[in-house]
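Novice: Each chain, written out:
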Amino acid sequence: MRQYLIKRILALVPVLLIVGFVGFLLLNLIPGDPALVILGPEATLDQVNKLRAELGLNLPIYLRLIYWYARLFRGDLGYSIFSSLPVLQAIFERLQPTLLLTIFSLIIASAIGITSGIVAALKRGTWIDQIATSLSIFGLSIPSFWLSLILIIMFGVWVRWFPVAGYEPLKNGFLKTLRTLALPSLTLGFVNSAFISRVTRSSMLEVMSQDYIKVARAKGLSYRKVILKHALRNAILPIITVMGLTLGNLVSGAVVVETIFALPGIGQLALSSILRRDYPLTQGILLFTATVFVLVNLLVDILYAFLDPRIKYG
Amino acid sequence: MHLKSKIKKIVLSVLIVILITLMAGGNAGVKGIFKFPDTVGHRFELEIIKLSNKGIIEGYPDGTFRPDAMVKRSEIATLLVKVKNLTLYKPSISTFKDVATNNWAYGYIMAIQKDGLMVGYPDGTFKPDGNVTRAELAVVLGRLKGLENEASKITSPTITAYDINKVPSWSMPYVDLGFQPQYNFLTGRAGYIAPQENATRGEVAYGLYVATNPPKFGGTLKVAVLTNPVTLDTQITTATIPSTFGMHIFETLFTYDENGEPIPLLVDSYNVSNDAKTYTFKLRKGIKFHNGKEMTADDVVASISRWGRLSTNGKGLFSEVESWTALDNYTTQMILKNPINVPAYLASDLMVASIYPKEVIDKVGDTPLKFTPEEIIGTGPYKFIEFVSDVHIKLIRFEDYSTRNDISNGLGGRRTVYPDVLLIDIVPDRTVRALGVITNLYDFAEDISSDLYGKLRIDPNIMTSTVLKAWDSSIFNKKQGVFTSQKMRQAFLAALDMEACMKGAFGNPDFWDLGPHLMGKSTPYYTDAGKEWYNQKNIERAKSLLAEAGYKGEPIRWLVSSDYPDRYNIALIAKDQLEKAGFVIVLKVVDWPTLLKTRNDPTLWDIFDTDFRYFSDPVFILAIGPSYPGWYVSPTMAQYLSQMRSETDIETRKIIWEKAQTLFWEDVPAIKYGDSMILYIFRTTLEGYRKYSISYYFFFNMWKES
Amino acid sequence: MVDTEEKNFFSRFKGLKLVFKYRSITIGLALVTFLLLVSLLAPAFSTHNPMYKDPNIRLSPPSREYFFGTDNLGQDVYSRTLYGGRLSFLTGFSVMFISGFFGTLLGLIAGYYRRLDFVIMRVLDGFMAFPSILLAIALTAVLGGRLSNVIIALSIVYTPSSARVIRSVVLIIRETEYVEASKSIGASSLRIIFCHILPNSFAPIIVQGSYVFARAVILEAALSFLGAGVPPWIPTWGGIMSSGRPYMMVAPWIIFFPGIVVILAVFGLNFFGDGLRDFSDPRLRGVRGM
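Chains as they are written, first to last, in my numbering: chain A, 335 to 648; chain B, 13 to 718; chain C, -6 to 283.
If you're looking for bench data, these hints aren't it; they were derived computationally from the structure. Here the structure is a predicted model, which means the values were calculated and not measured. A few of these clues could be false.
Computed list of lysine-lysine pairs in BS3-like fashion (alpha-carbon distance at most 25 Å, straight line) [unchecked claim]:
id: 1; chain 1: B; residue 1: K716; chain 2: B; residue 2: K703
id: 2; chain 1: B; residue 1: K66; chain 2: B; residue 2: K47
id: 3; chain 1: B; residue 1: K349; chain 2: B; residue 2: K289
id: 4; chain 1: A; residue 1: K384; chain 2: B; residue 2: K382
id: 5; chain 1: B; residue 1: K406; chain 2: A; residue 2: K510
id: 6; chain 1: B; residue 1: K294; chain 2: B; residue 2: K349
id: 7; chain 1: B; residue 1: K370; chain 2: A; residue 2: K384
id: 8; chain 1: B; residue 1: K47; chain 2: B; residue 2: K467
id: 9; chain 1: A; residue 1: K505; chain 2: B; residue 2: K406
id: 10; chain 1: A; residue 1: K384; chain 2: B; residue 2: K294
id: 11; chain 1: B; residue 1: K587; chain 2: B; residue 2: K543
id: 12; chain 1: A; residue 1: K384; chain 2: B; residue 2: K327
id: 13; chain 1: B; residue 1: K587; chain 2: A; residue 2: K384
The shape of chain A in the complex, shown without the other chains (with noise of 0.2 Å):
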């Protein structure tokens, strides 16, 4: 075991590097020049060639990749085009609201999943069965900008609970910090609970069918033991792994949640900084945004491994 997770996190450098690779490549086919976007429509051509020179923008484009490259052995990921900032100092601190966002919409999104598809799966057939799944299909067939819009109107302007907008960082004060992210992470977390809510539900049901399940019932184990102890703990597997999933949804997902409520987190700044062909910064969130990924399913698969004692790694 412990030899595959050193392959495992060896192997996230070959990965790294393919992704700084063909990000380089397609940021560098897209038209469009981070110095033009700067000086504005009105700049002229010297104005606009003096500064790509400055930015380093006028090289050629393989020996650019090779100093980015370079730089990246280094721990070097340049500096953001837009803002100055180095790279890595950009990312992590708009690290904090993407971070906690994702996290809260997570538990939101396990908690209405996993017990709404417990439900479904025990009252299958029924009208909660109905509700449950209906309500699933609905969270994952509107549009994220939708639901905010609506949470904001209901818990922001006709009842004031809750900010329509902004962040207030955790050195404020926990609670300000909850306040803010409310409604963010219920949209996120709602749309995203459909998923786990249906994997759970049909998970739920195979595993219910299985022998073992009759075995434990004909034991005389009490129903809820049966469920919990036994089903659920079966069951998990698909369920860690659309957890696992839901994760990457969330991210991508956060880019138009943050937007809408004006969160300054990683979600924004990836798509202002492909917006506004910011290279070196687009580059380092593609590489930050790959380890997560990969971290992620690591742990999801060591997961795997521990809640299910069948499973072995080559």
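Add chains B and C to chain A, keeping to what the hints say.
Specialist: Frame of chain A, contents of chains B and C only:
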């Protein structure tokens, strides 16, 4: 059985969704703040409404307020009685010869006479039907505030104005007090005090309101804006947010007064040689930069030189500059090759000729300023603290700001900063910006959807302001492609129904306007020259022009950016119209950076869309210049522009401009669709808002009531 | 023979299942087919030209003439929604099937063959890092603004997650007794994969499928505003909803009606998928035969 229940569940959830969605759109009708139709957009609208809501002042039975009408002395007596809640006093004998005991205003006049607010004339009259003059208003308001003691200490004025010498001595102390920031109950008229002029109802309402609700210093002003500034280097950028807030941080040698004319700001005085080729500027002394250093001629020379290198306007000016030097520590001199109206360039609100410290310029050279307090240093009333991307720009009051002493006149004159902090929050979603003001998260928000105007008007806590923003335009590629032909461009113009385009894109007619003018209605250069070509809606004519031009159906590549939905909507509507005339249009949707890049290459496009802010001077209009993408090369136009640049007489310039605008519509280097307005909203607790001659908002002389 | 003990808990399932099985497939199929047909026959059912703009009636609420109201350019939302179905179904189904196919394939291989697992999964890890925007804009820049580029970009985005879901199921089933039993009697790997593993993976595949369909419809709109894919004025469900976003407070019907249609389509897909899963579940096969 199950089918039915399934359907029931779907129907139920659909109903819930309907309910929620439609409720989101609805709004409970609340008593509105917009009472008087003739005060909408008036400078003193907010104070008039507030005073009226308090029951002090009323409109006329026909529902109007007539804010520019005169106020009779008897009328102001009644207002004062209401403000001070005095009891009417009707002694059996009148103190005044011309006020009989049965005069309708008798009780009021006597009450305020008793209270000492108005004492009448030396000849024993009161002149109840005479109009209140502005000087009289100053005195009355001063007494209302109990400032007699303060007034007695003032022997000579601390303020200046063009007509300061015309202020009668008996009113001088109160006039002086009225313009001081802690009282602020008087307003100027384009730099004039106009003491002998009659006060208007609006001025009286404002004065009464502010006298009884004095300005407060302190607090944080929170403003919601659309997007991040790309840079705060105002010398280089043409974007709105950097220019707006840059002008809070940096200052220029000249700025705009109430009428949109350039007046000195950092300059104390200047003179122009007889041949109009030499300008000598004497700078004000003791002006501090945010880093504590004093501004001298070296800073000014370095700043304007840099601006001259990096900005289009600057380059335009400096192409005619022979020398630009410092004569001594506080004097600079510009020698020109040909006469040019230099102050107009130096006051420009686009690619602003801001003054930076010389050390900063030496350090950054021509690279744009970075977002640090070490580089963003100006002389303005607000000081830059930080910019956190996607969060906010933070400015604080600059305690050592050297304000001018002349009365506030547009952007010129005295600039007082009342709040301690100005926090500019970046809120990209339009609806959320509006909701933020509704829920008191922000005090002010820019760029709100005009479709929300109706709903916002009925919210008693929200004030709106509609400001002219820009004219929407399509630019033709005149270097390469089908539009090198004038006939083609004329054909394009002939087919367009401007009204449909503007209505479709902007909706509410209060928010857009038609007309061939390229200079705003409030400028002296407004003209409708060229109107025969504007808004022809003539598909037949377009078709015949296309035939004459020999158009063979080549696809026309039209660049639009989805980042600017209004312009993109115009293009969609225009496209349908043009296709009826036989144009083959290919609309290419790209994001803004791609558009910027693509339009520099004449092989890649035929039309692109943009909008142009209204400038103060026709020579700044970019669309008619040869270097702007589109590459309009016209010797006649160039001649007109250079004539205008050197001419300083307004009447002559107007004539030249009329010819130039006519040429614009004959030659059609670009299309103008119409004027679009922008909607700002703010809480009614925010006092002092004014519309300026340029379409920005400024947070000087504005305060928050608690 | 049925245990008397089982009757309480499981018998109700058996009874319902029969009904459920047929009903679900029918309803689901009916719903999806209905929407699909109406979209394909849009010219017959629509009341106005979906691209005709009349600024004078912009943002009008639903009425007898304009069933779903009009949008900000005065276009008929009802007709646009009908026509929009074509492209939305095309996008949704394409992304669903392509990412589903490749995802399932990769997931099966990775789950079953341990040596390939490592490599495949690491490659997919890398894929997950790319935001669809970046892919879509880049593809558009190179290949031009076509719907196929959006479909490719979105398929790339959703393949890794399908793969992971399938893989997780495979990992479990691989170790079960009947698979071991099959192996011991010499069944080929292919047979094991297709006859034992795949049928048990249906449930997550289907759930993932309907999720991807819904997401693809919405995401297509965001991408078209950036120049990728279909120009934004060509109606698609996601596009109509996006165009209605700034007007949510004044004209909520622009978002509402296409939204309902998307919900119905996804409902339909889900019911159909559920039914299909129930139908093919090997454990239930025996029950049916009873």
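Novice: Are the hints correct? Go through all of them and say.
Specialist: Verification of the hints:
no., hint, in the structure
1, K716/B x K703/B, "holds, 17 Å"
2, K66/B x K47/B, "holds, 13 Å"
3, K349/B x K289/B, "holds, 7 Å"
4, K384/A x K382/B, "holds, 16 Å"
5, K406/B x K510/A, "holds, 20 Å"
6, K294/B x K349/B, "holds, 21 Å"
7, K370/B x K384/A, "holds, 21 Å"
8, K47/B x K467/B, "holds, 15 Å"
9, K505/A x K406/B, "holds, 18 Å"
10, K384/A x K294/B, "violated, 34 Å"
11, K587/B x K543/B, "holds, 22 Å"
12, K384/A x K327/B, "holds, 16 Å"
13, K587/B x K384/A, "violated, 38 Å"
The structure is inconsistent with the numbered hints 10, 13, although it conforms to all the rest.
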